[in-house]
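J.: Residue numbers (the UniProt record's numbering), protein chains in the order written: chain A, 1 to 307; chain B, 1 to 589.
Honestly, I wouldn't trust all of these hints.
Said to hold, decoys possible - Under the rule of at most 30 Å between Cα atoms (straight-line distance), these lysine-lysine pairs were calculated in the BS3-like manner: (1) A/K51 - A/K91; (2) A/K296 - A/K236; (3) A/K296 - B/K4; (4) A/K10 - B/K377; (5) B/K365 - A/K39; (6) B/K365 - A/K51; (7) B/K377 - A/K76; (8) A/K95 - B/K538; (9) A/K91 - B/K365; (10) A/K95 - B/K365; (11) B/K365 - A/K10; (12) A/K236 - B/K4; (13) B/K365 - A/K76; (14) A/K76 - A/K10; (15) B/K4 - A/K161; (16) B/K377 - A/K51.
What the hints assert, rightly or not - Covered by chain B, according to a simulated footprint, are these stretches of chain A (three or more residues, beta-carbon under 8 Å): (17) 50-58; (18) 101-112; (19) 130-144; (20) 181-195; (21) 212-224.
It is worth saying that the hints were derived from the structure and are not from the lab.
In this text the structure is predicted, and so the values were computed from the model without any measurement.
All C-beta atoms, glycine included, are put in the ideal place defined by N, C-alpha and C.
Given next are the chains, with one letter for each unit.
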Amino acid sequence: MTIVEIGLPKRLVEMTLDGESVRVPEGATILDACAARGKSIPTLCYGDTLKPANACRVCMVEVEGARTLVPSCSRKVEPGMVVHTESERTKHSRKLVLELLGSATDLSTTPHVDEWMSACGADPSRFGPPAPPSADRDDRRPGEHEEPDGQTAATVRQPAKVDNPLYVRDLSKCILCYKCVDACGDQWQNTFAISVAGRGFDSRISTEFSTPLPESACVYCGNCIEVCPTGALSFKREHDKREDGTWDEEAQTQTTTICTFCGVGCNLTLHVQDNEIVKVTSPHESTVTHGNLCIKGRFGWQHVQNR
Amino acid sequence: MDLKLLDVEPSEAERVVVDLFTGMGRDQLLPALHAVNDRVGWISQGALNHICRVLHVPLAEAYGVASFYSLFSLSERPAKVVHVCVDLACQVNGAKSLCDRLTGELGPAGAKSGWLRSPCLGVCEKAPVALAFEAGEVATEQLLAPTTADEVIAVAAAGPSHVDGGRAEVPQAGAAGLRLLKRVGVVDPESLDDYRATGGYAALRTALLLGPSGVIREVTDAKLMGRGGAAFPTGRKWDATARQPVRPHYLVCNADESEPGTFKDRLLMEGDPYAVIESMTIAGFAAGCSRGYLYLRGEYPRALHLLRNAIARARERNYLGDDIMGHEGFSFEIEIRRGAGAYICGEETAIFNSIEGFRGEPRSKPPFPVESGLFGKPTVVNNVETLVNVPVILTEGCEAYTRIGTPGSAGPKLFCLSGNVSRPGVYEVPFGTTLGELLDLAGGVPPGRELRAVLLGGAAGGFVRPDELDLPLTMEDARAANTTLGSGVVLVLDDTADLGSFLLRIAAFFRDESCGQCVPCRIGTVRQEEAMARLVGKRPLSTSAEDLQLLREVGQVMRDSSICGLGQTAWNAIESALDRLGYATEATS
Numbered sequence: 001m002t003i004v005e006i007g008l009p010k011r012l013v014e015m016t017l018d019g020e021s022v023r024v025p026e027g028a029t030i031l032d033a034c035a036a037r038g039k040s041i042p043t044l045c046y047g048d049t050l051k052p053a054n055a056c057r058v059c060m061v062e063v064e065g066a067r068t069l070v071p072s073c074s075r076k077v078e079p080g081m082v083v084h085t086e087s088e089r090t091k092h093s094r095k096l097v098l099e100l101l102g103s104a105t106d107l108s109t110t111p112h113v114d115e116w117m118s119a120c121g122a123d124p125s126r127f128g129p130p131a132p133p134s135a136d137r138d139d140r141r142p143g144e145h146e147e148p149d150g151q152t153a154a155t156v157r158q159p160a161k162v163d164n165p166l167y168v169r170d171l172s173k174c175i176l177c178y179k180c181v182d183a184c185g186d187q188w189q190n191t192f193a194i195s196v197a198g199r200g201f202d203s204r205i206s207t208e209f210s211t212p213l214p215e216s217a218c219v220y221c222g223n224c225i226e227v228c229p230t231g232a233l234s235f236k237r238e239h240d241k242r243e244d245g246t247w248d249e250e251a252q253t254q255t256t257t258i259c260t261f262c263g264v265g266c267n268l269t270l271h272v273q274d275n276e277i278v279k280v281t282s283p284h285e286s287t288v289t290h291g292n293l294c295i296k297g298r299f300g301w302q303h304v305q306n307r
Numbered sequence: 001m002d003l004k005l006l007d008v009e010p011s012e013a014e015r016v017v018v019d020l021f022t023g024m025g026r027d028q029l030l031p032a033l034h035a036v037n038d039r040v041g042w043i044s045q046g047a048l049n050h051i052c053r054v055l056h057v058p059l060a061e062a063y064g065v066a067s068f069y070s071l072f073s074l075s076e077r078p079a080k081v082v083h084v085c086v087d088l089a090c091q092v093n094g095a096k097s098l099c100d101r102l103t104g105e106l107g108p109a110g111a112k113s114g115w116l117r118s119p120c121l122g123v124c125e126k127a128p129v130a131l132a133f134e135a136g137e138v139a140t141e142q143l144l145a146p147t148t149a150d151e152v153i154a155v156a157a158a159g160p161s162h163v164d165g166g167r168a169e170v171p172q173a174g175a176a177g178l179r180l181l182k183r184v185g186v187v188d189p190e191s192l193d194d195y196r197a198t199g200g201y202a203a204l205r206t207a208l209l210l211g212p213s214g215v216i217r218e219v220t221d222a223k224l225m226g227r228g229g230a231a232f233p234t235g236r237k238w239d240a241t242a243r244q245p246v247r248p249h250y251l252v253c254n255a256d257e258s259e260p261g262t263f264k265d266r267l268l269m270e271g272d273p274y275a276v277i278e279s280m281t282i283a284g285f286a287a288g289c290s291r292g293y294l295y296l297r298g299e300y301p302r303a304l305h306l307l308r309n310a311i312a313r314a315r316e317r318n319y320l321g322d323d324i325m326g327h328e329g330f331s332f333e334i335e336i337r338r339g340a341g342a343y344i345c346g347e348e349t350a351i352f353n354s355i356e357g358f359r360g361e362p363r364s365k366p367p368f369p370v371e372s373g374l375f376g377k378p379t380v381v382n383n384v385e386t387l388v389n390v391p392v393i394l395t396e397g398c399e400a401y402t403r404i405g406t407p408g409s410a411g412p413k414l415f416c417l418s419g420n421v422s423r424p425g426v427y428e429v430p431f432g433t434t435l436g437e438l439l440d441l442a443g444g445v446p447p448g449r450e451l452r453a454v455l456l457g458g459a460a461g462g463f464v465r466p467d468e469l470d471l472p473l474t475m476e477d478a479r480a481a482n483t484t485l486g487s488g489v490v491l492v493l494d495d496t497a498d499l500g501s502f503l504l505r506i507a508a509f510f511r512d513e514s515c516g517q518c519v520p521c522r523i524g525t526v527r528q529e530e531a532m533a534r535l536v537g538k539r540p541l542s543t544s545a546e547d548l549q550l551l552r553e554v555g556q557v558m559r560d561s562s563i564c565g566l567g568q569t570a571w572n573a574i575e576s577a578l579d580r581l582g583y584a585t586e587a588t589s
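This is chain B alone, in the form it adopts within the complex (with noise of 0.2 Å):
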């Protein structure tokens, strides 16, 4: 393949850092990217040329890529940036007036300004949340949690401070019985030796006792599930994928936690480092996979950072490398890999393309990922939460593992409680408890108000009423109520929230987050905003009735005939909220 390239240089800063990926391929797209990103702040064309040239890659795919991630610009904008989150948590917390007084004060959100509207950035207990970046020789980045506008004006003007802003806090901290969240708040996240001290490395131990099999066994019979969303049975996946003759197989952790409302996975990468690479060192053990990547949502700086230090460390004292713990044979290592802002890429095979340096958008199944994933080969792709049930397992054992919880749905369950609640924040409960239990453990709504609905399990989840806060939170339970646990959202909504906004930002969340590749979610993500918008204004095109009909097929067709889970599920809190909250009988009176 001969390349055209266009007859543009980089600036120097530029080359310098494009030129350190000399040598390498297509896979190092993204990560090249995020070099020029993070030296000058936006994708100049000398820049795309200069990538194209050290990689190898058509000038005009590599457009197609970076013009898919809203981290990027591909026009000039200045080194500094600010992110204000506009997503559901932020909304309920006061995230519209922030925005309001920063259009009155910096003007409209855009490149000029220097502040952008952002989607949900994952740290919800803390709304409003901004976070400031600045490109650089060293780039920094500052989370603003929770902000205000005028800290948010003043960020602006002076960039980002090296502070080590949003520390994770666990309200159960310490608390007795914990499992995965037991180091998170407590231990050193940069220390492995105090990750050694609290039990760190036994699983890793035991594993290598048991074998690949034995292991695989182990959390068959714990009967664990993905905590990702889809709750896949996750030795069957493993078994899948060790049994296939092709080799090298491939581990992804994914860590793009993006679903709105959900920060599980960001509290577990900073509270607990080492105990997601341990696990995904078991997971590579187990099956057959001699290299892990951990695709981590673009907007971490702090989880990239103490997971970066737990690969080096994990490194040097043999936990990570060759002969891994003394065990001949056995190496593995992980590549972390940022994603750029596109939550479509948590999807388990967009984010295979992702990694490999083309546009994330989700392929056709079959073939499965066990069959053919990453680089076309096996591949075992796992989130977060579920990876690191795996040491608990294998120290406790899976008898013990399955006495916690009910019986169609074992172990701990992290839920991260945002909106109106007294003590937002990531909580571990067993399965089984219910979710008016967990409110409590939250302290309610705050004192005077009234509850008036609970978004279960994100934008892609649905709506649960106030009289049914009995129902336990399992994957059974919640499946039989016709409402799913999804990634462990539990955002609440009290009497003052404004549930058509609410409403009206899932739908737009969903049509910036279509990936675009099929028709129903393209289009239809569109029509379903535009419905929405008519029916909370109450402009309707002919009748309200008529406009509920439509979302109602346009609903339909994207769960019927979508690519992926994001089309699939695009219209399911809507018309959660239309028909479970009667919300359609609100419209349309």
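This is chain A alone, in the form it adopts within the complex (with noise of 0.2 Å):
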């Protein structure tokens, strides 16, 4: 169940919606207006626990009179405005930005984004393809690109970081979306492991000079993991039990209690497959935590499994 915050009663905007006139709070953003009529929007790097960062572009919108389509996540509603959502010029960019992302980055463990793409045709294997992977990303130079030849296309296929015993770095499948510097970053964590690194398509998030995880800033609270979007960050534990097989989200159940470690209280969510924890979270509409935990409650849960 999702709790809402329902606070002090707003006034209500009246707008247009694909044709239908409809009635939301003032603040609310097309985006959750689109939510209450049932529509749905695919969103990336939209987080409900973050600051829209407006990057992924996947839920962009036609509103009449303006220039270029507007993110829905991040727009507010105005009074008179006219959405459409399912407009020729929306209904392009989806597929174009769907196909952008599936051709330069892999996809493979996206929720939902396979549904996306048939829903609206997208194949992005028109641009040719795949280079192969590149070793040099974090390497890479601002300003300064080899000239291509156009036979392959280029993407940001790299060998995974491995270099501690609880994240899994797989560059291959990052979007860019932020969401893991802005959880790490002032949004929630205030410890500023990870940054946007380079310019452009060799952007990359990156600790300072790529150093490995274990000589940066990192605490390891596992917030960044917790906002992927993309399973570019993983527990190593879930990554490792996915390369072999054994990795079963239908048989897993889930149960929140409250971490034993400090007087915080924090919400925790049980992942359990075959009487084993295999994943700890916590509810993001949980007013303690927010979806955030520390190291302790996120990772120090062994004992529980000593038998």
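Two chains, two separate frames, one set of hints: put the complex together.
T.: Now the structure itself:
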């Protein structure tokens, strides 16, 4: 169940959504208005616990009178606004954005992306066969690149970074949505272990000088992994189980409890498979955690399984 | 916030220059990076670590910022390096063969060989050009314009000399009737007395008499529109900022001139620096700003030197500081910020992030700068040329000003002529002059050649054909003809120019300069370059017609869904070459 804070009563704003007149609370986004009408708009960089990054452009919709399409996840509804979510322009944009992402990134573990792609007829292979993985992405300089011949499509494919016992960073799957950086930085954790580095297509999520995670400022709270929409960041345990084919979400139960480590009282959701904890998360709607945890709550549960 | 730093120390030289920033904050990150780069030529781990310690910035974020700018290197690089321009105007004037010789004699471009390929250096009238840099106790820069492979090879070995190369030359210098260029090439740009003797600071005196709302009324009635490319009414921008109750207000002069083929702002800053300072002071007075930032692109050393001098002289004589010109209560200061090699930082919100010490990524609008700009405060952002129109308006009066040009586009306009043209340079003409008249002024294409096309407005602009030379150069006529004046680029191509390579360079430029924040631009510019490579190289994936279709679809999503103007216009010039110049037919036949 999702708990929604009702707060103070708000004025209603009238707008037109796909030809239908609707009233939404002042301050709501177009995405909120769509959700209220049961319209589903794909999103990737939008996070329910984060400020909109406006980066992925999957959720673009058409607002009459605007020169360009607008991101529905962040644009607030204005009185009299006329919005189209299924116009030719929005459908073209959604399809192309998904194709561009799919042509450059491994989206195999991104939830829902297959449905979205088939719904709009996206075909990422149109841009040519993917270029082979490269090991030098961390060293690329801004403003320089090799002249392409166009026979392959450049990708972000690269070896996964496995440099610690808790996380795997498989940046071949990274769409640069900024969510991990925001969760690590001033929006939640205030650790600032990672940032976007480089520029343009060679941008990447990186520690300083791409030092391994154990030498960085990382405190292993796992909050970056919690918000990653593509599986580029994953818990090592989940990653390994997926690799050897023993990760079975269908067979998992989720039990919400309270962390025993300190007095804060964080909600924990234990993901259990075959009577074994395989992952710990926290409900996003928890007013204590907003989905965030620390290393103890996230990873300190091995003692539970000492039998 | 506890900072976790690396266990590495700076060298003594690095420590000395970074310690000068003690007690300052994050907004000094870019100046501190410049200080280290100027001293040793690259940013070591120890130096960045120490910058973070002094300015209290997280190391990963500082790394993200330093790795955003192409003038900085985070791996070791020798103190001497030559940046060789390979952009549009230089390409048309032999940059490719120059680079081929450098590759043969010095080795491929890179830190080891001591030369690097550079996007437009903004000296297109003297193409091909290069900028030599040497780090040291006093960093030295020398503009080589025009240059040769022999000169680059010699300077790469010996280092830049202190010779003041590349003095601003204006074909029209001294001609009667010039307004924006009246002092350029005629008056000593270092002398405040000469500036005053030629009418300088009369406009500020008038402004102080009129009061802020009077100045805004004059500028509004003069119908001044922004000259940076977007043509937004300046008076409206100032008025909207002035009305914001939140304080302080800021002024940002956008001198990050980086559009390939644009060099008018450099000419103004080098030829008439006091006019830029006076204009900023007037704008600050009108919009209620107590502080102005002049964001100057990092590749303009001569403009930097002259502007620094102008600010210092102006402050000595109370044209900056407190109670300016005896006007009680009006205080205004100007700080110069150097860019570090990022075209995107000329975008009006990316410039804020760059000044604040963050990556130069554009912000989502709304909110607009007049409401929430630099440091989250109401901010006016104006291009250099826009600002220097203001003293003209105040001294001649808005009525006289609107009589210059056309009813829809008032005033004088600067155009940057380069490429295959006999007398390249910056020309001042009233709006409404036709493209043909402007080309005649610059002597047309060299004798014996034929005009092939004109790139109007820069890499984000569009091409026009030889049979369209009667186009009056106004905002409204350009719009009606489905093109743009952009930043005033008029890049001429004759029948010897290689249009395919030219278009490939435009595609490469956008791929290099995309900040990477949004998907349509980050990946779209890559796919655009790949598809252009196939079209130009005649190696289609299946058919050229399909590649063309792909280009159009990618272009459309970049235009519709990119965050900022860079992505939204990254397909303009290529689209116009395909359709207006008929390159689509040429490429598919």
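J.: In ascending order, which of the hints set out earlier in this document are inconsistent with the structure?
T.: none
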